[in-house]
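Number of protein chains: 2
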Amino acid sequence: MNSRRDFLGKITAASIAFPFLKKAASANNPFNEKPSEDRLLRVAIMGLGSYGTRVAEAMQSCTKAKLVGVISGTPSKVKAWQSKYNIPEKNCYNYSNFDEIKNNPDIDAVYVITPNGLHHDEVIRVAKAGKHAISEKPMTVNAQQAQEMIDACKKAGVKLLVGYRMHFEPHTLEIIKMRKAGEFGKVLFFQGLSGFIIGDPTQWRLNKKLSGGGSMMDIGIYSVNGSRYMIGEDPIWVTAQETKNNPVKFKEGIDETIQFQLGFPGGAVASCLSTYSLNYLDRFFLDGTEGFAQMYPSTNYGPIRGQTNKGEIIAPDVTHQTVQMDEMADIILRGKKPEVPVDGEEALKDLKIIDAIYEACRTGKKVKLEL
Amino acid sequence: MNSRRDFLGKITAASIAFPFLKKAASANNPFNEKPSEDRLLRVAIMGLGSYGTRVAEAMQSCTKAKLVGVISGTPSKVKAWQSKYNIPEKNCYNYSNFDEIKNNPDIDAVYVITPNGLHHDEVIRVAKAGKHAISEKPMTVNAQQAQEMIDACKKAGVKLLVGYRMHFEPHTLEIIKMRKAGEFGKVLFFQGLSGFIIGDPTQWRLNKKLSGGGSMMDIGIYSVNGSRYMIGEDPIWVTAQETKNNPVKFKEGIDETIQFQLGFPGGAVASCLSTYSLNYLDRFFLDGTEGFAQMYPSTNYGPIRGQTNKGEIIAPDVTHQTVQMDEMADIILRGKKPEVPVDGEEALKDLKIIDAIYEACRTGKKVKLEL
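So the sequence lines, in the order shown, correspond to chains V and U.
Per this note's numbering: the first sequence = residues 1230 to 1600.
Per this note's numbering: the second sequence = residues 1230 to 1600.
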């Protein structure tokens, strides 16, 4: 009932937060072939599942990005989204025809929020259609595919970003800032515990072809990625051990529980857990010679909480996906450099580590890394 | 100034807590060759260093055990202790003559609180002198020596206990009780982080001959042992990775930092850290399908603190060494079975695991265990 008032409220808020939006109104001018970058990022979401829905909801509060299109294989979902988000028919696509998006001047970027195993082909199609690609993480299921996606986007002259929402989360950024300022001394240890008890055994996350793996692809990646932004270095070796207690639920190629360890060039080490069989995880701990930081929860949808030896981290609680999409608008349209990268190269590093974790599980050997 | 009042206060408290002590007064009767077991455990401490001093202080509050003798190579320390603890000359020994303790009917047990590398020979000498042996942990520096100590004590008909003070700590016991009652569901993960920044590089703990190893022998053993009492099983495999950033301070054979992982027969895994290069550790985390427990600090001298998904653990704060020595009096004199074992066999298990951790660090391979 309040939608119009909300809408006006948002416009006003946007105008205050982002004064050049007035100018952006002229971006629709058809004579302006190279549109001003002082405007909203116009996004189509591909994949209208639960996370896609969360992103769409969050984008209603964006001041720099706007949901303008959808790509889905389910006409009833498309209809519902059209009506809810006021999406014109011409901005609606399905998986057969979305290459035609190249002829649509009203869409800047496509946010691919489909199962992991589909990202590779879909992102490459988005790139070929000349649109910027945002991929949900994991960007894909292995490093080779990641490289192909990077290459395709480079070739097409479009940007490739990945939904690393924690890279914009204020408590996380505050701890990174403290670490950079030396407040923890020399950082020598990171621990990341990532996991949850997964439900419905028939879901795509437990189907190797769609997921590319098990808990590691879905939730373990938070500890993989977190180890890097918390320590501030890229690892040089990996060891890992897999444990499977339920081979019926977790079939061949779907990891239930993996412990993995990382070594960093500055001498730090990380001990991490990825599991689909325990809750109460989502814990980060960073220890240096002069202090520590801990986060619990550390990567869920929030509110995120952190403490250091100096006390509670005071930072705003934000809707991660709102901030992410606003920041991505600045990155894509205005070349902003985020505090922690969210591009394809960043995702490639994580996938090289995940490849190495799986290799270490298989071989029982330490795997060296060059990222 | 208040020492007499304190003393009387303690006697009264002891009499209430332990009413059969009245009867114990007759234990000094020289005609009673096989003394009643309803009496105080009369202990000599071997090694009057900082931890020996802590134990002696704590024993002043014991109601079932009493410090009655000393073994030391430093005559000035012996004098000071004699005067402070009212120890008769005839109960004072040095490292050359302490075998004569066998002729001393006023000492029941010797608590060996010397560097790790000396425990083996000293405990065997104590056993041969017919006295019960209490060894500080690690009981010795490898499993083979541990077995020899167990055998020697068995042969001599004396008991062999190890200073596992956490096995009597109330918060710890409360969490173990909850785990046994199934309050955490099926326990699948334990994490133990043990370490501190070690100071003086010339101390015995950094001398392989005396310490038998580095952080693992000194502080890592808390996570080794803790994984077993927190999960309630003995591990069946070990993997481990060593990292040495300061080879000048941490010489050959002295481990600075070791990450190790354990697998348990019920499907649980443990991820642990042992280090001499970080503070703010001493953290335990136990996770099951229905709940979790965390402790910080988890093994220091206290107060110990624990939380579960149901809230704060409410348990008394005790002086660990006081409770340990009172409990050991009951174990030695009255055959009490502690909730968590503190005997030589318990220590042997830890040393088999530590042997395996060192082997895994050396070989890079998973080491199977049968405890």
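Just so you know, the hints here were simulated from the structure itself, not pulled from any lab data.
None of these values were measured; they are calculated from a predicted model.
Careful: at least some of the hints might be erroneous.
No distinction is drawn between identical chains; accordingly, a pair holds when it is met within one copy or between any pair of copies.
For lysine-lysine, the following DSS-like pairs were computed, each having C-alpha atoms within a straight-line distance of at most 27 Å [unchecked claim]:
#1 Lys1313 - Lys1406
#2 Lys1473 - Lys1415
#3 Lys1415 - Lys1480
#4 Lys1478 - Lys1415
#5 Lys1306 - Lys1295
#6 Lys1331 - Lys1565
#7 Lys1384 - Lys1565
#8 Lys1594 - Lys1473
#9 Lys1480 - Lys1594
#10 Lys1308 - Lys1319
#11 Lys1308 - Lys1539
#12 Lys1415 - Lys1595
#13 Lys1565 - Lys1357
#14 Lys1409 - Lys1473
#15 Lys1331 - Lys1480
#16 Lys1319 - Lys1597
#17 Lys1566 - Lys1597
#18 Lys1480 - Lys1308
Problem - Alpha-carbon proximity between Lys1473 and Lys1415, which holds within one copy, between copies, both or neither at 27 Å - result: Answer is between; shortest inter-copy Cα gap is 14 Å, intra-copy 36 Å.
Exercise for the section: Up to 27 Å between alpha-carbons, please classify Lys1384 paired with Lys1565: within, between, both or neither. Expected result: Answer is within; shortest intra-copy Cα gap is 21 Å, inter-copy 76 Å.
Exercise for the section: Indicate which option fits the pair Lys1480, Lys1594 if close means a Cα-Cα distance not exceeding 27 Å: within, between, both or neither. Expected result: Classified as both; 23 Å inside a copy, 26 Å across copies.
Exercise for the section: Indicate which option fits the pair Lys1313, Lys1406 if close means a Cα-Cα distance not exceeding 27 Å: within, between, both or neither. Expected result: neither (39 Å within a copy, 53 Å between copies)
Handout entry: 27 Å Cα threshold - placement of Lys1539 relative to Lys1308
Key = For Lys1308 and Lys1539, neither the intra-copy (51 Å) nor the inter-copy (45 Å) Cα distance is at most 27 Å.
Handout entry: Homo-oligomer pair classification [Lys1597, Lys1319; C-alpha up to 27 Å]
Key = neither (49 Å within a copy, 63 Å between copies)
Handout entry: Intra- versus inter-copy proximity for Lys1415 and Lys1478 (alpha-carbon distance at most 27 Å)
Key = Intra 42 Å, inter 17 Å, cutoff 27 Å: inter-copy only.
Handout entry: Within, between, both or neither, where Lys1331 and Lys1480 count as close if Cα-Cα is 27 Å or less
Key = Answer is neither; intra-copy 39 Å and inter-copy 64 Å both fail.
Exercise for the section: If the cutoff is 27 Å on CA atoms, where do Lys1306 and Lys1295 land: within, between, both or neither? Let me know, please. Expected result: Only inside one copy: Lys1306 and Lys1295 sit 19 Å apart there, 78 Å across copies, limit 27 Å.
Practice task
State whether the alpha carbon distance between Lys1308 and Lys1319 is at most 27 Å within one copy, between copies, both, or neither.
Solution key: Classified as within; 12 Å inside a copy, 96 Å across copies.
Problem - Intra- versus inter-subunit Cα pairing at 27 Å for Lys1594 with Lys1473 - result: Both: 19 Å inside a chain and 19 Å across chains, each within 27 Å.
Exercise for the section: Check Lys1415 against Lys1595 for me: Cα-Cα at most 27 Å, and say if that holds within a copy, between copies, both or neither. Expected result: within (25 Å within a copy, 30 Å between copies)
In this structure, the earlier hints numbered 1, 11, 15, 16, 17 and 18 are contradicted, and the remaining ones agree with it.
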